[in-house]
Amino acid sequence: MEMNKRTLVGIVLLFVGSVLLFPAAGVGTTGIAWVLAPATVLMAAGTYLVGTDVSGKPA
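Taking my numbering, I'd label the letters of the sequence shown as residues 5 to 63.
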């Protein structure tokens, strides 16, 4: 399975964004709103990089 650098970077960004969003899933969590914006940006960038991989093969 061959993945180019763009796809790998996208996958890493998706993973890091997911890890940052995980604590916000708690029911009584407060005071972590500062994490939501960067996590959302990382998730969006990772989705863009993986979704626009134009190597001709599904990512």
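Hints may contain errors.
Stated by the list, open to error - Pairwise CB distance ranges, derived in the manner of DEER restraints:
{"no.": "1", "residue 1": "Val16", "residue 2": "Ile36", "range": "18 to 24 Å"}
{"no.": "2", "residue 1": "Ala48", "residue 2": "Met7", "range": "19 to 25 Å"}
{"no.": "3", "residue 1": "Ile36", "residue 2": "Asn8", "range": "31 to 37 Å"}
Quick caveat, the hints were computed from the structure, so don't treat them as lab data. Computed from a predicted structure; not experimentally measured. For each residue, glycine too, the CB sits at the ideal point set by N, CA and C.
Status of the hints after comparison with the structure:
Taking 18 to 24 Å as the suggested C-beta distance range, the pair Val16 and Ile36 conforms, at roughly 22 Å. For Ala48 paired with Met7, a C-beta distance near 20 Å keeps the hint of 19 to 25 Å intact. In this structure, Ile36 and Asn8 meet the distance hint of 31 to 37 Å, their C-beta atoms being roughly 34 Å apart.
Checked against the numbered hints given earlier, the structure satisfies every one of them.
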